[in-house]
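Protein sequence lines correspond, in order, to chains A and B. According to this note's numbering, the first sequence is numbered sequentially starting from 1. According to this note's numbering, the second sequence is numbered sequentially starting from 156.
What the hints contain is simulated information worked out from the structure, not anything from laboratory work. Even glycine gets a Cβ: it sits at the ideal position worked out from N, Cα and C. Please note: incorrect hints may appear among the correct ones.
[Stated by the list, open to error] To be clear about the criterion: a stretch of chain B counts as covered by chain A if any three or more of its residues have a C-beta under 8 Å from a C-beta of chain A, and this derived list gives those stretches: (1) 191-198; (2) 219-228.
[Unchecked claim] Think about it this way: if two alpha-carbon atoms lie no more than 20 Å apart in a straight line, the pair counts; the simulated EDC-like pairs of lysine to aspartate or glutamate are: (3) B:K187 <-> B:D244; (4) A:K99 <-> B:E228; (5) B:K212 <-> B:D286; (6) B:K213 <-> A:E105; (7) B:K227 <-> A:D129; (8) B:K213 <-> A:E116; (9) B:K213 <-> B:E253; (10) B:K199 <-> B:E239; (11) A:K138 <-> A:E44; (12) B:K212 <-> A:E44; (13) B:K189 <-> A:E44; (14) B:K227 <-> A:E116; (15) A:K101 <-> B:E280; (16) B:K213 <-> B:D244; (17) B:K255 <-> B:E239; (18) A:K99 <-> A:D33; (19) B:K227 <-> B:D244; (20) B:K255 <-> B:E243; (21) B:K199 <-> B:E228; (22) B:K213 <-> B:E228; (23) A:K136 <-> A:D33; (24) B:K187 <-> A:E116; (25) B:K189 <-> B:E280; (26) B:K213 <-> B:E262; (27) A:K155 <-> A:E105; (28) B:K212 <-> A:D129; (29) A:K99 <-> B:E262; (30) B:K227 <-> B:E280; (31) B:K189 <-> B:E262; (32) B:K189 <-> B:E239; (33) B:K199 <-> B:E262; (34) B:K212 <-> B:E243; (35) B:K187 <-> B:E262; (36) B:K212 <-> A:D33; (37) B:K187 <-> B:E239; (38) B:K255 <-> B:D286.
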Amino acid sequence: MKTGQRRNHFVWLLIAALAFNMGCNEDDEQTMDPTLYTRLGGIEAISAVTDKFLTNVASDGAINARFEAAVANPSRLQVLRNNLIDQICAGSGGPCQYKGKSMVEAHTGMNITTAEFTALVGDLVAALDFYDVPEKEKNDLLAVLGPMQSDIVGK
Amino acid sequence: MKIIKILALVLAAGLAGLISYANVRHLSLAEKLKRVNLASFNLKGEISTTEMLQLEKKMSAIPGITACSLNKEGNVAFIIFYPEQLNEDMLTNMLSSEGKLNVSPRELSTSGGCPIHQLGSSFHEFLTVLDIRN
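Extracted from the complex, chain A is given alone in its bound form (with noise of 0.2 Å):
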């Protein structure tokens, strides 16, 4: 008789073995399919390509005029650069919290052309590709980016 509750004891063990395992090979199957925050390499990369996407947009003739007092200043580039950096580790899927105003209450009033949203990605692509980010992730990235642009155009 014992014996037999013993071996009931080892089976229903065994199953709570198996189903913990299978929870856990669950689990890792999630791990293996990372954010694109962690594609881009944290917050480290995003904030390597955001300085060289505001030194890329500061030395652009097209778009500058629109940047340059606020990256000359110390407090203003400190703040831009932490939403930026925060918006993109944020929409990436990073461990981040926007803290900015939101696109259309920031840029309304601005009057914002096609032309110069398109300038400023292109200096976000050449940021990208300065760091060889691979395709895929600088595809990712505009995708999550691309949107906002009814937000800023034309307020």
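Place chain B on chain A using the hints.
What follows is chain B alone, placed relative to chain A:
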């Protein structure tokens, strides 16, 4: 005299409130990164497109510099750097020696532009100064 005391108390309470807020507010990942500055330089001398890209790569690889870009014409450079590690004089020398160019600091426009307003960013700066976690 009593009014001055009350005023002093109110100011002290306000400052204490600001210090508390600065130290308990949630910092984003970006806010925890080191502070950066941007400097701009005029470049004089012949430089090809390939040399421009090489110069950007060389400058970006220097510890303390996070990014460097030249304009299309190759006569203006923008550098983002950590002010605790480098200053504009050091950057001028680095650009001169790496690019074999005549380099001089360039003044940037100080008003207008993108919607990061001076008042908001100055308040943010003030909170950062009060934040002992930085």
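Against the structure, the hints:
1. 191-198: holds (count 4)
2. 219-228: With 7 residues in contact (Cβ-Cβ under 8 Å with chain A), the coverage given for the segment 219-228 of chain B holds.
3. B:K187 <-> B:D244: Roughly 27 Å between the alpha carbons, so the hint for B:K187 and B:D244 is violated.
4. A:K99 <-> B:E228: violated, 36 Å
5. B:K212 <-> B:D286: violated, 35 Å
6. B:K213 <-> A:E105: Distance of about 39 Å is beyond 20 Å: violated.
7. B:K227 <-> A:D129: holds, 17 Å
8. B:K213 <-> A:E116: Violated, because 29 Å separates the two Cα atoms, which is more than 20 Å.
9. B:K213 <-> B:E253: This hinted pair holds, its Cα atoms lying about 7 Å apart.
10. B:K199 <-> B:E239: Distance ~28 Å between B:K199 and B:E239 Cα, so the pair is violated.
11. A:K138 <-> A:E44: At roughly 16 Å apart (the allowed maximum being 20 Å), A:E44 and A:K138 satisfy the hint.
12. B:K212 <-> A:E44: holds, 18 Å
13. B:K189 <-> A:E44: It holds: about 11 Å lies between the C-alpha atoms, which stays within 20 Å.
14. B:K227 <-> A:E116: Roughly 16 Å separates the two Cα atoms, so the pair holds.
15. A:K101 <-> B:E280: Answer holds: A:K101 to B:E280 is near 17 Å, not above 20 Å.
16. B:K213 <-> B:D244: Judged against 20 Å, a Cα distance of about 18 Å means the pair holds.
17. B:K255 <-> B:E239: Measuring from Cα to Cα gives roughly 26 Å; hence the hint is violated.
18. A:K99 <-> A:D33: Distance ~28 Å between A:K99 and A:D33 Cα, so the pair is violated.
19. B:K227 <-> B:D244: Violated, at about 24 Å.
20. B:K255 <-> B:E243: With a Cα-Cα distance of about 17 Å, the restraint between B:K255 and B:E243 holds, given a limit of 20 Å.
21. B:K199 <-> B:E228: Given pair B:K199, B:E228 holds - Cα atoms ~11 Å apart, limit 20 Å.
22. B:K213 <-> B:E228: holds, 19 Å
23. A:K136 <-> A:D33: Satisfied, since the Cα-Cα distance of roughly 14 Å is no more than 20 Å.
24. B:K187 <-> A:E116: violated, 31 Å
25. B:K189 <-> B:E280: holds, 13 Å
26. B:K213 <-> B:E262: Violated - the C-alpha atoms of B:E262 and B:K213 are around 24 Å apart, more than 20 Å.
27. A:K155 <-> A:E105: holds, 9 Å
28. B:K212 <-> A:D129: Holds, at roughly 12 Å.
29. A:K99 <-> B:E262: Outside the cut-off at roughly 30 Å; violated.
30. B:K227 <-> B:E280: violated, 33 Å
31. B:K189 <-> B:E262: Violated - the C-alpha atoms of B:E262 and B:K189 are around 24 Å apart, more than 20 Å.
32. B:K189 <-> B:E239: holds, 9 Å
33. B:K199 <-> B:E262: OK: B:K199 and B:E262 at ~16 Å, within 20 Å.
34. B:K212 <-> B:E243: Given that 20 Å is the threshold and the Cα spacing comes to 19 Å, the pair holds.
35. B:K187 <-> B:E262: violated, 29 Å
36. B:K212 <-> A:D33: violated, 32 Å
37. B:K187 <-> B:E239: holds, 15 Å
38. B:K255 <-> B:D286: violated, 43 Å
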